[in-house]
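When you get a sec, could you build the whole thing from the sequences and use the hints?
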Amino acid sequence: MAHSQVWPDTWSRPPRMIRSRPWRIILAAGAILYLILAIGSVDVNWTRVSEGWERGARFIGGFLQPDFTSRWRDISTGLVESLTMTLTSTVVGVLISVPIGLGAARNLAPRWLYAICRGIIAASRALQEIIVAIFFVALFGFGAFAGFLTLSFATIGFIAKLLAEDIEDMDPAQAEAIRATGASWWQVVNYAVQPQVMPRLLGLSLYRLDINFRESAVIGIVGAGGIGATLNTALNRYEYGSAGAILLIIIAIVMIAEYASGHLRRMLK
Amino acid sequence: MLSIRNLTKTYKTGDRALSDVSFDLPSGQVVGLIGPSGAGKSTLIRCINRLVEPTSGRVMLNDLDITALGPRDLRRARRRIGMIFQEYALVERLTVMENVLSGRLGYVPFWRSFTRRFPGADIQRAYRLLDRVGLSAHVDKRADALSGGQRQRVGIARALEQEPDLLLIDEPTASLDPRTSRQIMRLITEICRESALPAIINIHDVLLAQQFTDRIIGLQAGRVVFDGPPSALTNAVLTRIYGAEDWTAMQKSAAEDAQDEAQARAEADRLLEAL
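As you go down the protein sequences, you meet chains D and X in turn. Per the working numbering: the first sequence = residues 1 to 269. Per the working numbering: the second sequence = residues 1001 to 1275.
Errors might be hidden in some of the hints.
[As the list claims (entries may be wrong)] Now the stretches of chain D that chain X is said to cover, found in silico as 3 or more residues with beta-carbon under 8 angstroms:
| # | stretch |
| --- | --- |
| 1 | 178 to 184 |
| 2 | 187 to 194 |
[Said to hold, decoys possible] A short list of chain D residues far from chain X (calculated; beta carbon distances all over 10 angstroms):
| # | residue |
| --- | --- |
| 3 | Ile32 |
| 4 | Ser50 |
| 5 | Ile131 |
| 6 | Glu258 |
| 7 | Ser261 |
[To be verified] What follows is a set of in silico ranges between Cβ atoms, one per label pair, in the way DEER data are often shown:
| # | chain 1 | residue 1 | chain 2 | residue 2 | range |
| --- | --- | --- | --- | --- | --- |
| 8 | X | Arg1112 | D | Ala252 | 46 to 54 angstroms |
| 9 | X | Leu1064 | D | Gln128 | 52 to 60 angstroms |
| 10 | D | Leu127 | X | Gln1124 | 54 to 62 angstroms |
| 11 | X | Ser1195 | D | Leu87 | 48 to 56 angstroms |
| 12 | X | Thr1115 | D | Glu176 | 23 to 31 angstroms |
| 13 | D | Met198 | X | Leu1271 | 44 to 52 angstroms |
| 14 | D | Glu176 | X | Arg1112 | 19 to 27 angstroms |
Just so you know, these hints were derived from the structure itself, not from any lab. For every residue, glycine included, the Cβ atom is placed at its ideal position computed from N, Cα and C.
Put into structure tokens, the structure is as follows:
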């Protein structure tokens, strides 16, 4: 080339959201001011905190010296109850989720069915487990049955939503090929959809099994039975040793479930 | 015999994929459907078994008006129309045998297909077809364990398992190398001749189409611009279908493919001699 052009040696990324510089500064300053005021409005009772240190230390002390023996009967019944609740609610929840998940997949279901199934999923996901548990405890009384219903209900929202999304992401060519043979809707589901989503469905079910176990400890606190109820009793009696033992058992079981489900999922690929 | 009358398809977006397409396909004839991408080849064969719903026009298969059928009768009609796909469209996680047997889904009730208990005659036919396409050794393998050429053979066996009156074949060689492409085309045309099965093959590779089909239909922007024997496919016609630039480029790459293959073959011969 005859004459060389002079190229700029600086470049800055153009602003994406707010073009005008003064507005950017005003908004940023406003956000920082709000944050300071918000933190200032949090009322901290410092004398209570200093007392609390001691209780916290006792709690951690109990954790470090877990007492498995003195309440072992309560712990083992709570544990068995929790495990039963977890397994039954996962199985029932998954069984109910599968038809709802099929109905909530846009590429399989007619519009009206899609709306109904998405509605069920939204209802199940909107209601937090603890609220549902309180409701079922009010309805059926204290105990594992309320816990079982709560976890089944929560499982439906979780599995059906993720299953529906997996179905919507499947390879449409395989379904088209099966449809082209003259297969009925159920046969398309059985031959083209199921093989594509089965590994993920099993993986999700195993994952939900371990979520349900953890949740069973939480909802026990509001009266829905299981290991959570035992934990609650121990805490109310200031038996931090037993509480520590229960927490350690929960951690151990969650870790075992984690390891086992990872292993199973690799095998099912 | 298949006859297509004034077939038109306009998509919801307003794109007109097919306008006023008409032709007849006597039994035993293998037709190559050529044209640039976007010419409506795929839409045309999908309108025949109504995987795509035509906007107007009629499709008649052996005096049955496919375009007028309700859902149940449409499924019955689809059983008699075998289809072979571009990316094989096998169900990857099912075994080869299940994929072939899925060709019988239109004939068996749900519970039989669900429990995989197909009638004995269907299973025999599946074994025979797998032997015919050279896959006897792979019956129980999962479809995703096979190579491209092998997968397409499973696709062919699945279509034939339907005992079709018509084969619709969508770019059977698009994901295969030139050598395997020729093998697959040879297999398809041999099978069609053996049982006097009419077939429509969508194919962008003109030279393959010329080599293996009885008749060529050229589509351009949804209209039939050529319909005749492969020998009548002159440079002038091809330029009209594809446009001058693309047609020259296609010829060049085909020549390169042929050269590559000749070279590979010569090398293989040399190696054999050396042994």
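Outcome of the hint check:
1. 178 to 184: It holds, with 7 qualifying residues against the three required.
2. 187 to 194: holds (count 4)
3. Ile32: Correct as stated: the minimum Cβ-Cβ distance to chain X is 48 angstroms, above 10 angstroms.
4. Ser50: holds, 61 angstroms
5. Ile131: holds, 39 angstroms
6. Glu258: Nearest chain X Cβ is 26 angstroms from D:Glu258, so the label holds.
7. Ser261: holds, 20 angstroms
8. X:Arg1112 <-> D:Ala252: 46 to 54 angstroms: holds, 47 angstroms
9. X:Leu1064 <-> D:Gln128: 52 to 60 angstroms: holds, 57 angstroms
10. D:Leu127 <-> X:Gln1124: 54 to 62 angstroms: Because 55 angstroms falls inside the window, the suggested range holds.
11. X:Ser1195 <-> D:Leu87: 48 to 56 angstroms: At 55 angstroms between Cβs, range holds.
12. X:Thr1115 <-> D:Glu176: 23 to 31 angstroms: Holds, since X:Thr1115 and D:Glu176 (Cβ atoms, about 24 angstroms apart) stay within the stated range.
13. D:Met198 <-> X:Leu1271: 44 to 52 angstroms: Because 46 angstroms falls inside the window, the suggested range holds.
14. D:Glu176 <-> X:Arg1112: 19 to 27 angstroms: This hint holds: roughly 23 angstroms between Cβ atoms.
Consistency with the previously given hints is maintained throughout, with no hint failing.
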